[in-house]
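Line by line, the protein sequences give chains Z and V. Going by this note's numbering, the letters in the first sequence line up with residues 1 to 242, in that order. Going by this note's numbering, the letters in the second sequence line up with residues 1001 to 1125, in that order.
For the record, the hints were derived by calculation from the structure and aren't laboratory data. Each hint should be verified, as a subset may be incorrect.
DSSO-like cross-link-like pairs, simulated, lysine-lysine; straight-line CA separation at most 30 Å [what the hints assert, rightly or not]:
1) K114(Z) - K1003(V)
2) K1116(V) - K154(Z)
3) K20(Z) - K1092(V)
4) K1116(V) - K59(Z)
5) K114(Z) - K1116(V)
6) K47(Z) - K1116(V)
7) K1040(V) - K114(Z)
8) K1040(V) - K47(Z)
9) K47(Z) - K1092(V)
10) K20(Z) - K1003(V)
11) K1092(V) - K206(Z)
12) K169(Z) - K1104(V)
13) K1040(V) - K69(Z)
14) K169(Z) - K1092(V)
So the chains spell out like this:
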Amino acid sequence: MDSAVFWVVTSDAAAARRWKGLLSREGWTVAARETLDQFVHDAKLAKGMALVDCDALGKQRAQALVEAKAKARHISFLMISARELSTEAVIELLEAGGDDYFSFSIPDALVLTKLRTHLRRLLPDLSRPSGRIEAPEGDLIYDTARRELLIQGKGGWTSVSDLTTTEIKLISLFLSRPGQALERSVILESVWAEDCESVLPSTVDKHIESLRRKLGKLGSRIRAIYGVGYGYQHGGKTKEKP
Amino acid sequence: MRKVLLADDDNDFRELITCILEEGGYEPVVGVNGRDAWNKLQAQGAEMAVLDYNMPEMDGLELIRAIRADARYKEMPILMLTIRAMVEDQIKGYDRGADDYLTKPFDRHMLLARLKVLERRILKP
């Protein structure tokens, strides 16, 4: 299991399902363990990040965290809890080696943004999703390894073969943030990076219009949001994957 | 002593954060707005940054963009410390390149604990 990017450590089955589902949809490999001992045993040689339920640490949270970190040395520990911990308790965990803390009530969009930031900074070699980014509807999949976009139609799955590099970056961005309104500035920086200063707003519109055309009837899911930018609007049935 | 760039246009917060940084064993490099902080960074350097969001002349997001565009500071840990607590603002801050985000009013020990987390990343082999 040392290929996992994320580990979820909690005995709360509902929480485990939520975190696993959320992270898997991002294309990250996720492994779940119910106890800290199981996790440390399986992850001691692994490199990645762990979302560790504070309840899994027992009563001596800080001590348990220090000991777990000493054994799983290449894992970054992000602490999570069903209830908001006190400021003192959070500080204690951060000082004991925790890399972040958030409660289960954190919105999905924010936690994914924080996790991407952690990955980019702490594990840049693992920050690329390992497999696929798929639309919530299940009928649009971007294969990150093969750089291939697949669309499910009546006749089965077809590959969109004529996407430009910019369009690939755009669809990856939209699929990784379904339902989110993405500001033009965020799109510019995500897709054009350091060249974003020299890109005209109309250039973004042209690339998105071209992408929409190539997506066919699914292109309408990329919606212009007045005064903001664009967003991938999702809703519909999940279909069988290829 | 590790230098920390501080950018905040509010006099009271700037003085408070300066004191906290000094108490935490850091050497604050202080700017009264984003532009001033950028100039101070160019002149004095820093290894970490604590930036406000809303500032005249150059706001926190513009300052992050400038910092990240400078090869010397591309990897510099940045903590945004701001009154803007909306989820959308936090996401925007992270998307622009912040490494952590703390909202005002804040606990001084929490600020120092968060800075220690970022400092560990500098020290990480």
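Taking the hints in turn, this is what the structure says about them:
no.: 1; hint: K114(Z) - K1003(V); in the structure: holds (25 Å)
no.: 2; hint: K1116(V) - K154(Z); in the structure: violated (55 Å)
no.: 3; hint: K20(Z) - K1092(V); in the structure: holds (25 Å)
no.: 4; hint: K1116(V) - K59(Z); in the structure: holds (24 Å)
no.: 5; hint: K114(Z) - K1116(V); in the structure: holds (18 Å)
no.: 6; hint: K47(Z) - K1116(V); in the structure: holds (22 Å)
no.: 7; hint: K1040(V) - K114(Z); in the structure: holds (29 Å)
no.: 8; hint: K1040(V) - K47(Z); in the structure: violated (38 Å)
no.: 9; hint: K47(Z) - K1092(V); in the structure: holds (28 Å)
no.: 10; hint: K20(Z) - K1003(V); in the structure: violated (39 Å)
no.: 11; hint: K1092(V) - K206(Z); in the structure: holds (24 Å)
no.: 12; hint: K169(Z) - K1104(V); in the structure: violated (35 Å)
no.: 13; hint: K1040(V) - K69(Z); in the structure: violated (38 Å)
no.: 14; hint: K169(Z) - K1092(V); in the structure: holds (19 Å)
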